[in-house]
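Undergrad: So the protein sequences, as listed, match chains A and B.
The first sequence lines up with residues 1 to 227 when you count with my numbering.
The second sequence lines up with residues 228 to 494 when you count with my numbering.
Since the hints were derived computationally from the structure, they do not count as laboratory data.
Every value quoted in this text rests on a predicted model; they were computed, and no experiment measured them.
Take these hints with a grain of salt, some might be off.
[Unchecked claim] Ranges between beta-carbon positions, derived for each pair: (1) B:E318 to A:A82: 50 to 60 Å; (2) B:T368 to A:T30: 33 to 43 Å; (3) B:G405 to A:A127: 51 to 61 Å; (4) B:G417 to A:G148: 43 to 53 Å; (5) B:M437 to A:R66: 26 to 36 Å; (6) B:S463 to A:V20: 51 to 61 Å; (7) A:P117 to B:E375: 19 to 29 Å.
Glycine included, each C-beta is placed from N, C-alpha and C at the ideal position.
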Amino acid sequence: MITLTDVSKTFTLHNQGSAVIAVIDKANLTVAPGECVALTGASGAGKSTLMRMIYGNYLTQSGSIRIGDVDLVQAQPRDVIALRRAKLGYVSQFLRVVPRVPTLDVVAEPLRVLGIPAPAAQDRARALLTQLNIPQRLWGLSPTTFSGGEQQRVNIARGFAHPYPALLLDEPTASLDPHNREIVLSLIADAKARGAAIIGIFHDAEARDRLCDREIDVGAFTPQAVA
Amino acid sequence: MTPLLSVQGITKHYGAHIGCADVSFDLYPGEVMGIVGESGSGKSTLLNCMAGHLAPDAGRVVFDTRKPSEGDAADHENHGPRDTVTMSEPERRMLSRTDWAFVHQHARDGLRMGVSAGGNVGERLMAVGARNYASIRDQATDWLGRVEIDAGRIDDRPTTFSGGMQQRLQIARNLVTGPRLVFMDEPTGGLDVSVQARLLDLLRGLVRDMGLSAIIVTHDLAVVRLLADRIMVMKSGRVVESGLTDQVLDDPQHAYSQLLVSSVLQV
């Protein structure tokens, strides 16, 4: 479902003496449907960078990133948008939303853009928010005022609203208490069971061992001779 | 798929000074394109050239015009992609009343301040041939509701409205005829942040539910991040970078885009 072939990335900082920083060199990676792969490596190794490249958030200089039959590196913006809507989910570490939009609508939004009518989308959102222990009295409020753990759970609810065939998870269990962590892990296990190809970054070693079939050390893709 | 709008080599000079130079892009149905850049970068010139408010020196603005409905007096041969720059003035005016909409930064420029709120919305309907008073008033009421203006204000003049309400009224007036393409010039500029947020949510909902395409000029990067699927970064009249909104904002490639993104104050 997700295939990376010889993927490389450099950052060029034009306003800082045009410094060129190579961050990923010839990364190769394949994730099959129903498989969960963990990205590991020391802080700064490029785990989040690689994940952002797979989402098309960072530009990839060379190689190919195939999600299903679309190559993200070559795709037009509208193809990337269509891919993200229907096939490629991403739970980032931070929630980014239009201020003042109620939590229920924030979670239902990914379904609404796919053309699912509001009542059905909101039913799904209610079910997820209930499952993730977000108190019902908060559903009508914007999540921008919520605590870190609550925002994280709203973000997860939003990311799991639509059954994406490919899913990227950046530290989904960070800032969660043990009970909610269990719930999130079971959501991920369910996604895996229905055949989603999952790439995750987990600092939580126990979660990683439980969910992931393989670990990929991103350090292996770090350019050796940094120019 | 045919692009809804295909902009090809649009160039506009003001004497020796470049307004915008050789700008090209395609916009597809349902897409929202943001145009960002500092003031003087040519983004408003470009918008006005595309919307037919300014005549470009060179280039084409090809719009996929709608097939006229049965029994319509309009020419049945002349539909599909057409260059709006070389179109006759009456045709372009018709387009700007039907399939196109233009939301000005200052609501006063887009509203008739001496006419009631309902009249402002109804006027655009009458311009496309609506004559039944009750139905015009019903549609006006419906649209005031959609932009969250209390139906009780329908007979009030926009001069009695707040800035945010005027802006929402301008949007209702523009969208009542069911346009397919909306041009917006700094739609949230000059509004305080809480009103901005509400307007952003409203615009997003309308784009999603009506399948609108939109071109939004703004200098506010937070606004484009939330509204636009794609952006173009302009500097000195030229497009220096374009692409997926979050990609250009999070991993800008051009020196100027990097400067623009890094200059935003963190809240």
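Undergrad: If a hint holds in the structure, say so; if it doesn't, say that too.
TA: Checked hints:
Roughly 33 Å separates the CB atoms of E318 (chain B) and A82 (chain A), a value that falls outside the hinted 50 to 60 Å. Here the CB-CB span from T368 (chain B) to T30 (chain A) is close to 57 Å, at odds with the stated 33 to 43 Å. Between G405 (chain B) and A127 (chain A) the beta carbon distance is about 35 Å. The supplied range of 51 to 61 Å is therefore violated. Taking 43 to 53 Å as the suggested C-beta distance range, the pair G417 (chain B) and G148 (chain A) does not conform, at roughly 34 Å.
As the Cβ distance of M437 (chain B) to R66 (chain A) is approximately 34 Å, the hint placing it in 26 to 36 Å holds. A C-beta distance of roughly 25 Å is found between S463 (chain B) and V20 (chain A), which places it outside the suggested range of 51 to 61 Å. Checking the proposed 19 to 29 Å range against P117 (chain A) and E375 (chain B) shows it holds: the Cβ atoms sit about 21 Å from each other.
Violated hints, in rising order: 1, 2, 3, 4, 6; the structure is consistent with all others.
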